Every structure is written in C-alpha cells, then in structure tokens.
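Chain A is fixed; fit chain B onto it per the hints.
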Amino acid sequence: MTFLNELVEKLGRPAQDVRAEHLHEWAASIPGTVRIQDAQRRCRCKIAGVIQNIRIDPREGSGSIEATIFDGTGLLIVKWLGRQKLSGIRLGAGLILEGTVGEGRAKHLQVLNPEYQLLPAPEHG
Amino acid sequence: MGKAPAALKRVMLGRPMSSGELGHTLLPKGIALPVFASDALSSMAYATQEILLVLALVGVSALSLVVPIALAVAALLAIVIVSYRQIVRAYPGGGGAYVVAYENLGFTAGLAVGAALLLDYILTVSVSITAGGDAIVSAVPSLAEHKVALTLGLIALVTFANLRGSKESGRIFAVPTYGFVVAIYILIVTGLVKCVGGCPQAESAGEHLEAESMLTAFILLKAFAAGTTALTGVEAIAEGVPVFRFPQSKNAAATLGILGVLSISMFIGVSWLTDQTNVVYTEEATRTVVAQVANAVFGGGPMFYVIQVLTALILILAANTAYTGFPVLASILAKDKMMPRQFRSRGDRLVFSNGIVILAVAASILVVVFDADLNKLIQLYLVGVFLSFTLAQAGTVMRWRRTREPGWQRSALINAFGGSVTGIVLVVVILTKFETGAWIIIVATPVVMYLMRAVYTHYTYVGDQLALPERKPLDRRPGNAHFVILVGRVDAAAARAVGYARSTRSVDVSALTFDAANHGSWRRLAPDIPLETLTVKTHDALLARLRERRASLPQNDFLTVITPEVLKGKGLLEIIRHPGLHRLKAKLVKESDIQVLDIPLVATDIDPAVDQAHEPARHHVVVFISAVHNAVLEAIEYAETLRPTDIRAVSFGLDPDETEQLGDRWLEARVPHPLEIEESPYRDLGESAVRYIKRFAPDGVNRVVTVVIPEFIVRKRRHQVLHGQTALIVKRRMLFESGVVVVSVPYHL
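Protein sequence lines, in the order shown, are assigned to chains A and B. So the first sequence is numbered by the numbering used here: it starts at 1 and just counts up by one. So the second sequence is numbered by the numbering used here: it starts at 126 and just counts up by one.
Extracted from the complex, chain B is given alone in its bound form:
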C-alpha cells in the first residue's frame, strides 16, 4: 500500500492493532447492564406503539386495551427473564441460543437457531436504526422526507465505529442507556403527578378513527404479538456471561433481574401514560408514541428534546449490540464449519471485519426495500426471536435432564414452562404476522439453513479428504522430478530457469517454445536441454501437450512447468499484461496434476555478468502451511524432489492455541523437516511472508528461495469462495521479491 492510502486508512479506522492487544476486560454489573441491556430496553421506544397500531384498526374505543395487553406482555417478559436466569446458571461459558440448541438438540436445531439469529441480528440493526431515525424525525419533522438517507447514514456511522473497534465501548454505552432509563422514569413520574389533577392530553387525542374491523380474538392476539417486541434483546445477557466479573453466573443472573424490573416498569408506565393521554397512533403519524406522550406531559420544552435524543441514542446502541453479536456468531458458525472460514479472521483493528461489513450491507438493503418504515420492518422481526427463545429453553431442559445437578427439577420445570410459553407465542406471532411480512422470514430461514448445510457438507468432505491417516507419504519413496521450461524469449529469466532446473539434478529437463528463432541462442545457453518448437502455436495445443506428458509419467512423479518471466516494473499491472500466460498457468494448476513454478525477474534486477544459467549455491525451500494434512505432505514430498539445501514448513500463527496444536500434529506426522511458526502480529499474511523471506537475503543467483504453496483445487467453482484467497495474496506479494521462486502444488479434492 502506498503512503497516502495507508494514511487515509489510518485516519478512518485507526492504528492497526497487534493480536497481543486482544485482551479480555471483565465488566462489573454496572457496566454490563448498559452493554447488554440497551437492546432490550430500547424496545420500550416502540413496543407500546406497535400495540396501539393494531388496536387502532378497531377504533378509538379499543385503545384503552393497551394497558391489559401491556400487562400480558409484561407477564411474558417476566417468565422469559426467570427462565433465562436458569440458562445463565447452566451455561457460565455463555449460552448463546445457538450453542445451547446445537449441543442439546442436535445439528438441525443448531442450524435453525444459527440461521434465525443471523437474520435477527440483521433485523435488529434495520429496526433499531429506523426507530432511532423516527425519534430524530419526531424532534425535527423537516427531516421526514430524507428518512431513508438519514437511516442509511446512521448505519454507516455505526459500521465505521465498529470497524474501528473500541475498548471504551462499555463506558460509551453507560451514559445514554442510564440516561434513557432515567428520562423515561422522569416522564412516568411527571405524568403520574400531572394526572392527579386531570391528565394532559396528547396532540392526537380525539382524532377520529375509521373502524376497519370488529374487536375479535385475532385482533387481540395480534396486538399482543405486536407488543412482544418488548422482549427482543433479553437473550443478550445470556450470551455475554463470560465477560462478567466473577462470580459470573450470579452477576449475570442479577443483571437479568435488574433488566426485568426496569423493562417491565418502563413498559407498563409508558403504556399507562399512552392510555391516559389518549394518544391515537396510525401509520400516517409523523411523531412516535413516546414523542407524543413526552410532548403532552412536558408540553414541549427541553425535556421533550432530551427524551428524543436519548431514545435515538439508545436505539443506535441497540443496533450496536447486533454489531457485536453478529460477527461473533458468524465466527462461531465458521468454526463449526457452517459459514465460510473468512468470517473467522480478524481485521486490522482486531474485529471480525467481514461479519461487520456483511451485516451493514444486509441491514441497509432491508432499510431501502422497506423504505425505512418501522411498522413494515417490525413485522419481520419476531419470528427469529421467539424461535431462538424456544429452542434455547428446550435445549436447556434437555441439559438439566442430562446433568441432574442438585435442584435440577426446579430449573428444568422453569425452563420447560418458559419454553412452552414462548413456543405458543411463536405460533401466535407466525399466525398473526404471516401476511404482513413474517412470511419473508419463514421463507428465508430455511434458505439460510440450506446454505449453511451446504457449506458444512463441503468443509466436512474436504476435511475427510485431507485427513492424515489415509496415507503416510513419507513412508514411501518420493517420486522423481520432471521439468518443462516454457521459453518465450531466451533472456535473463530463462537463464535463471536453466540454472534452477540444473540445481535439482533432475534427469529429465526439456524446454518448449512457440518461436523457432529461439533455437540458436538456446543452444548457447543450455546445450544439454532439448528445446522443441510447437507447430500449433496455441495455448490449447500447449496444454494438451503437457497433459499428455503428465499422463505418461508414473503417478507419484512430479511434472513441473517452469515459467520464466521478465517483469518490466514492480507494479501489479505486470500481472495483467500477460493475461494469456496467467490463464494458462491457472488452467495447469487447476485442471491437471501439474506444478507451475514461476521464476519472475524484475528487469532492473538483471545483472548481465551473473545471469548466465548460474546454479544457485544455496537453495532454501519454504513450504507455507496452515494445517497438517495430505495436501501439505504432498507439497513437502514435492519439495524434496527439488533437492534443495534445506526444507522447512512455515505457518503464520494467528491464534496461539491453534499454533500449539499445529506443533503437536507436526510431530505426529513424523515429517523429517523442521516446522517454524512465525508471528503475524497484524494478521497480514502477505506482509509477514515477505518479511520472513527477506531474512534469507535471496539474490536469485547464489541464494534462491523457493516458496511452495499447497493449493486446494475444488471441483466446483462456487466452492472456491469457501477457501479464501490466501494463496493468491501470498503469491502476488512474492512475485516482486528478487530471487524468490513460487510454485503451487495442486491438491485435487
């Protein structure tokens, strides 16, 4: 990267952080509450309103039903909180619904919860930020026209903040969350006091409503289902147990209790005030219910604006919880082979950047498609929430039955009751919201599950293919090396190729060219290596020729095509300059069992005095590996046929625990070469690889380093995305390192 782009990135995202800076700070209850509860508390900003919207269909007379419905929702909330306190006890390691379901109910339940939660996190971002936008629009009505742009802008802001990552986030959460709680309490208390002498009336009080429907049980259920948005976010504490201070389970359970008390009192309080101030809320309303209530109680004034600002802030923080949850869940799913492994890598700032970006893009798409309309978006929301509530509780019941800890019957009973209730609510939510949008989630969840299953199947297949015991290649005699040099021009790079091939002491080296005029100079350069001119001068003919050659050799021999290349400069443009050659190389690696060995030479590095088919005195082979499996053993075997001065395997350590395992596996595999695990503090493999290779000080003439890259070749092209581009990145960086030869050893899956 150039200086200026690097500086720009630095300003936008901050200083790259080294892996050692990934510390775990444990949170006291007072900080943990705002961190994990902002999502749950923020739903107070729209839960009452959703109930009112449904009741409005029946007419003004039905609006006072908001209080009994809110009480029913509050009872449900209490049941779920009590039940989750048991889950926290059962899973001190963090009982994400996914973990609980997968562990106790099996693969399919795990898939279902994983898919539901991923979709749910996306919806949390769209719903919360849209609602935050509504709060801003309530305070500044002129922004109503630019609602979509405003919402997208807020998403972008939160995304950037998360890509930067922050250790201070705990304290950032505390102020708006506590501020919101205090402000809502002030609202409720002020409302209570003012109501002693007759309640103030909301601006919409007395508006006429056209009754569109009779008061039916279905409408009541629908209103109840709408109110259950108050429950969203309750599960966050159960997922976050490991970051609580000790005793973790006890503190987490206590925090859940506090959250329950706060949520229930705020929800009932706001719903009661809504009824007392006679708010009428329809889809056409520009001001949210909380804004109308606040305006009525405070009669406008500064407190009204304070409430709007705090509401917007807490909703943005709620979206932020999804930004923490989604990438972590994606990385756990990737670890369990259900999502592409790229979701496991941490970016410059130690956050799971890939997950963050995907989340932001998906949430933005939803906002655009639903026109930043909260009432439409929220219809999609609850299915995933209640599905994961239900499966998490059911899973925990199974766990209690298995472990039979003291007092397990009571806990199991609580969880079973909670799970049954949320299960019923799930059915209610699906029935009442199906037509208005829930069907989208009911279609999307199985689709996501199907995709995750496909990813899982692929990774499992690959894992089986690579599993070690299948063969012990180092027990057998390694095959012989055969070389074909592709000669474009007889130049300094071709001379290096000749020197390289000779240094391997291979008995079979030949050369191919399209241009008969090369023969004279070739005879002077390498009289011992036969050069043949192809009569059909197409890449296809060349490819066919090489495949035929490969087929004639024994299975365990290696055929290597050497492609010497003089590069004009060090820019990436050089790679694009010979598209034909690069396509040919890619085909050779992908479609045939042929190694392609690149000998690039940057024109400015040519020394005419020495570039005369000189055999290098020292030849180090470095095999880049990330695990110990068959593809790696094949690459090591190949390295041995090059007869270098020494061979070593090098792995760039990303996770200290994994690297320790790698060492053990290496010793088990009994490979007679050293393994080095090199630090990659900024997780930039290209950068680390270059730094590592530079230590050999290769000059390409006397000292050559061959970088061997084992490459998986997948059968289906779409599977390629599941394997990352690490090999490609490293190859591209190595191309311009003088004296470094890069060879891909294909391993066909």
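Just chain A, same shape as in the assembly:
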C-alpha cells in the first residue's frame, strides 16, 4: 500500500509545486545567477525569474511599474520608476536582471531600475 500511497502522492501533487520545481531548475541553469531565497540585501546580484505579477501605480509622480518575479524559491520585486509601460514586460515572461537588492514595500526584496533581459516563457512540455 505504501507504493499506492506514494503514487497517489506523486500524481496528486499540485501543479504549482511541480512548476516551482521546474522554475528552480530553469533559473539554476542560467550561469551566474543567484536564487532569490539566497539573495542578500545590498548585494549586487544577477537573478532570473518568471514574471508572476505586474503592478502599475498611477499615484507615484509620473508613475511606476513593478514586476514580481518568481524563481521557485522566492519572490522579488523589480521596480522601474518614472514610467507606466515597458514593452515586453508580460506575465509569464522570463526575466534576467542585474542590480542591487534592497527592500521594497511590505518588506519584500526589491531591485530598483535594474538592467534586464527578457526571455521567452521558460515553460516545459
């Protein structure tokens, strides 16, 4: 029966978990990058993740756009000030960025105005 339980456990595993694992592998395969859970504050880091959330805030001066990226280990906010649109910033797109890690709203890790590179969605299948 343990075999059966294991099988049920394996097949019934939420797709989210499987995806997180897959994203972790994907991020780890990009040379020179740090996992988000290991990123220290104030480090100048190269980080890769998938855009999971896009936030536009019309209040802040000339506006701001934020993307929250996920690499299977944690969430990081990437913030661009002074603009309300960035081409290519789409949900599910892969993002490799390099910048100094700081702290943003609600104590989330945040990188301000980083250099970045967009990749197609790193999906499996």
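No lab work stands behind these hints: they were computed from the structure. Careful: at least some of the hints might be erroneous.
Claimed, not checked - Calculated pairs, EDC-like style, for lysine to aspartate or glutamate (alpha carbon to alpha carbon, straight line, at most 16 Å):
{"no.": "1", "chain 1": "A", "residue 1": "Lys85", "chain 2": "B", "residue 2": "Glu801"}
{"no.": "2", "chain 1": "B", "residue 1": "Lys712", "chain 2": "B", "residue 2": "Asp665"}
{"no.": "3", "chain 1": "A", "residue 1": "Lys85", "chain 2": "B", "residue 2": "Glu783"}
{"no.": "4", "chain 1": "A", "residue 1": "Lys85", "chain 2": "B", "residue 2": "Glu793"}
{"no.": "5", "chain 1": "A", "residue 1": "Lys85", "chain 2": "B", "residue 2": "Asp496"}
{"no.": "6", "chain 1": "B", "residue 1": "Lys272", "chain 2": "B", "residue 2": "Asp496"}
{"no.": "7", "chain 1": "A", "residue 1": "Lys85", "chain 2": "B", "residue 2": "Asp789"}
To be verified - Under 10 Å between C-beta atoms, here's a sample of chain A residues computed to sit facing chain B:
{"no.": "8", "residue": "Pro14"}
{"no.": "9", "residue": "Gln16"}
{"no.": "10", "residue": "Arg41"}
{"no.": "11", "residue": "Ile54"}
None of these values were measured; they are calculated from a predicted model. Where is the CB? At the ideal position from N, CA and C, for every residue including glycine.
Chain B only, in chain A's frame:
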C-alpha cells in the same frame, strides 16, 4: 481537491498545463494534409453508398447510374476546391466561413453561418463515428446488435483524447489518413487489374430489388444530393491557414489542390468499382458498400480487414476535426458575444473543455435518437455544409469587390461561380431531403440563431451599462459607510465584526438580533454600538427592515450588512448548514442595493486572548476585477469608505494581450490606486486568489484582508448563466481563509 481525486484526474486527463505551454507549431504540408483532410477524405467511406441507396428505389437497372452521378459530384467538388483556393488567398488569417460571412455580409449572415456550423460540427461527430462503427460492424458482424453502445463508446474515447489535448496529434493523423488513401488506391488498382478478365462480383450482386419508383428527375437529383456528402470537410483547410508553414496561403492552396485530386480520384474509383462488382445496397444491408467492394476484390483476406480498420480510424479522425473546430468556433462566437463567455475559457489541459463536452453530449444525443443509423443521420447533414459554402463564397466575392487587389476580377468570378453552384445545390439538398430529415436542421438553425442573438443582445446591453464615460465616480466625493451587524450569538466572530466596523471609523454602526438574551453580553463587548432586537423573528421582516434602512440613506452612501459566522470546520458542508442565512445574504445582494460582508471564523482559529473586538492594525483591501468598468469603479469607491491601510485592484491574467489592455484602461480611468495583474498559470482563479491573499499573511486580528468582489446582478434569472460563476467560486474558496473578509458589491444591470 483531495489527493486521491486529484490523482484520478491526473491519470485520466494528464498533468495540468500552464498557459505558457500554449505554443503554435506550424505544420508542413505533409502533416497539414492529414490533419485537415481526414474529414473530407473520410466521406469517401459513405458517399458512394448514399447514391446507391437512392438509386435502389428505382431498381437494379438504375444502379449503373452511380458512375455518371459520381462524375457530376466530382465536378462539383472540383468547382468548390478551385473556389476555396481563392478564399485561402483572400484570408491568410484563416477564412472560417463564419468570419468571412460576418465580415462581408453582416451580422445576420454571420449568425446563420455560426449556427449552421455549430450544428454541422455536431453532425460531423455523429455521422463520422456512426460510419466508423459501421466499418467495424462490417468486419465483425456480431457487433451489429450493440451498434448504439459501440458508437457511444467511440464518442467517449474521442472526447477523452480531446480533453487531454495533444501536441502529437499531427503525427497521429498522418498514419491512418495516408494509410486509408493508400489502401483505397490499392483497392482500386487491384480491382482494375482483376476486371481485365471479368470483374469479381460482390456478395450482394444479383439480389432482387423491388422498384418503388420510376426513374424521375427528382430521383436523379436526390441521388446527386446524396452524393454531395463527398464535399463535407473541404472547408477545413481554409479555416486552418494560420497553422500552415510559410508561405501560408500558397501552401494551403497547394494542400487543397492535393486534397481535390485525391478525393476525386478515390470517389470515382470506388464508384466505378461499385458498378463493376454490381453491389446492391439497401437499408437492410449489414455491410457497407466499401466493405462489399473490398470483399469482392480481395476475396476476404487480410486486405479486407486492413481496409475496414483504416476506414474506421479515418472516420474517427474526421470526428476529431470537429472536436478541434467546434470549440474554437464556439470561443470565437463567445468573443463576438454570440455565445456564453464560458466557451472562451481553457481547461486544465489548455483545450476549450466546455465546447468539447457540449459537442460530445449533443452528438451522443443524436446517435441515441437516430439509433446509430447512418442513413437517417446523414439526411440532416448537408444543409449546413452548403449554407456555409455558399455564404463563405458570397462573402469572399464581396471582399474582392471591396479590396480590388490585382487580378481580383478573375478571383471574384471563380468565387461567384462556385457560390452560385453551391447555392443551387443547397436548394436541391433542401428540396430532396426535406421530408427525410433536413427539416430538422431547417427548424433548428433559426432556433440556434435566435438564441445566439439573445445572448448578443444581453452582452451588448451589459457592455453599454458598464461603459466608462457614463460617469466618473472618482470626481465626486465618495459617500459614507453605514454598517449593520447581524448578531446571531455574541461570540468571537461577532467580536471580530465589532473590531472591523470600528476600524472603518464609520459614524453609523448598529446591530440587529432576533434574540433578546444577547443584550447583556453585547453591552460588555460593544457598549458604543446599539443593539436592537427584532420583534418579528423572520428573515422577511429582517429583509424589509434593511431595505427600509437602505431607502432612508442618500443614494451614494453604502449600507453594509456584516454577517459574523463561526464555522465548525473547513468543509463545504458548513455552507449548507445555514441555508436560511445564505438565502438571506443572496437576497440582500441580489434584490437590494446592500453590500454583504462576511466575517467567517473557523472555530479552531479562535484565540480567546485576542478575539476581543480588537481593531486590526493593518487592513488591506483587494478588489478583484476582470475589466475596468462602472461596476469596478463602484467597488473601488466602496473600498475607500472602509478606510483601510491600502487599496489595490487585482486581476488574474488569463490572456497576456488582454492584460496589457487592462493596464491601459486602468491608467485612462485615473483610479488613484495601484492595479496588479497576477499570473494564473493554471487558470484556476480560486487557487490563484488564495495564493495571492496568503502573501499578506492575514491573521484576522492584527492583519485583515478584505476581498471586494464586484458582482453583476442581472434582471432575469436565466441571464445569470451568461455571467459565469467566478465570483461564487472565489467567495467559496475565501470563506475558509483565516483573517479574510469577503464583501460583494452588487451592481444592478
């Protein structure tokens, strides 16, 4: 979902796929041909037989007319193929008959083609799978008794395969389709060779036929109309142009040409062999015409079985084309507001699951009603096919006249000729088949059109109601918040409700109860909030009371009813436990302009040390939205009256292009709050909403999250199906999240 059911679903349907996996693979001609042509080629399995069936009414002597009639049908096929090659050129973006007709001939023509095609796809499934069942029965006659069950089983199989979806489908198509073509050619060539020394005779050759009718022009037309089933499926390539490799139009046109050559030669070949082997076919025959011919030519043996198997397979694949076409058409119609919007959502496996299921159910019903009898089902078939042929070609002529591209006159002439011919055939089909079944489609098509129109009218009305420019609510001063707490018992949930109401700094908070015994403990909990006992202890009295209160307040103020509730456990049973309360809440939201704010508290989460009407220190309000319109602005306005720490709108992104537009609309609406678009990779909004809310780590005491759900309230109950149950699904998932308060803001349409 529990582990075991999740595992079962996983085994049956496969791993859920994330939206990013929706890729477009472009097909080379060699793969595109079997993918799109299986429907057209498969009709070779029954087209000759249908001609023979009509001629049999006149007697054996008339049977050799099958060849000239087949030649006439082949000529028609050639005309349609040449004409469709022009359509492919005109519509490199995929010229589904619906798109062409809607664009060039207007709304009603679009409706007609949409309805005709939907019915036609359903018939394609019933006809093809029934014919596939016939091929199997021809090989294994003992299955004849279980024909209906066999056919339904095959439908179920194809349905499951489609719910799983598959990227490999192109290659799966190739083997049986090419196999079928090769097998039929072998049959024809072997037949030709054997006929040199006198043709072998079919098992039914020489059977006596009772002449029921004279050879009249009507019978000839009827036989011709029956033979035109050979044309079904030709339009598939025109619809699929976007998945061809570049240059797309050229490749699609070439594929159409190849299809034409294959279809015509196979059809004429089989019809000729039928005549030479003297097949006699009546409704009582257990073996199909192709099976009889194959048996005569090969004298039984393995090749006979190979042909039966390949015939069954290609017919099942033909049904499969409908499984691709129907859901896509339904989603396009839904996008054009002609069908309920649920047809636009992709399921776990990225296929349009709703469309697939509806198609399977409808086709199964037809199979049962017509007793899996191909000859009855096929009578219904051709009206939709020729209606869409005709309107698609007519539409393309209009397009040529408009665009006047170089050489347009020639193309327009070809399409005009093709359209006229198919138009005439449409009339012939209707006249000759009306009594035997076509009338069903002639009645059903307008009914479906009427329904689609009703859906369109409703969505358009809703769209107008919600359109932004009508009001700019954020220019005006938001109204005040008024709260009424419904007190069942003075418990931890009631204490949270008091803390919540106080945190909004509202000047008007009161409480209502049915039970006078609550007064003592209420005074200890909230001496500042007056509690009133209702004397008439019915929900109707309460409802009347609240409506009266609502009516006494200014229009732009909000009256919120807070319903604190201690839930015993986390099961869904909890929702059913208080049917009265839930009906009351539904009535409040639906019938009056009152917000209902749920403060649920799972018993195990109660902490007696802190659950003492504590005001939360941080209060985040999240407004779930799917578009920017008046109902959303109203919900935002409402959120502001709660005086929370912060407000944000959150939308779960399903389609990246739409989400980009949403951002633009948000900036245009000048709402002074951020908008977040959150990924929902598995398109399960409940799941994504829970994951999103968990990031706030709400504890219900110091940190509270209020989820505001703008809800459309439709006037007529039957319209509710047109608006999906997203709000309900999200609400149910939120109920058991500790520290999450859910409020519905009704917007009356």
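Hint-by-hint comparison with the structure:
{"no.": "1", "hint": "Lys85(A) with Glu801(B)", "verdict": "holds, 13 Å"}
{"no.": "2", "hint": "Lys712(B) with Asp665(B)", "verdict": "holds, 10 Å"}
{"no.": "3", "hint": "Lys85(A) with Glu783(B)", "verdict": "holds, 15 Å"}
{"no.": "4", "hint": "Lys85(A) with Glu793(B)", "verdict": "holds, 13 Å"}
{"no.": "5", "hint": "Lys85(A) with Asp496(B)", "verdict": "violated, 60 Å"}
{"no.": "6", "hint": "Lys272(B) with Asp496(B)", "verdict": "holds, 8 Å"}
{"no.": "7", "hint": "Lys85(A) with Asp789(B)", "verdict": "holds, 9 Å"}
{"no.": "8", "hint": "Pro14", "verdict": "holds, 8 Å"}
{"no.": "9", "hint": "Gln16", "verdict": "holds, 7 Å"}
{"no.": "10", "hint": "Arg41", "verdict": "violated, 19 Å"}
{"no.": "11", "hint": "Ile54", "verdict": "holds, 5 Å"}
Checked against the numbered hints above, the structure breaks hints 5 and 10 and satisfies the rest.
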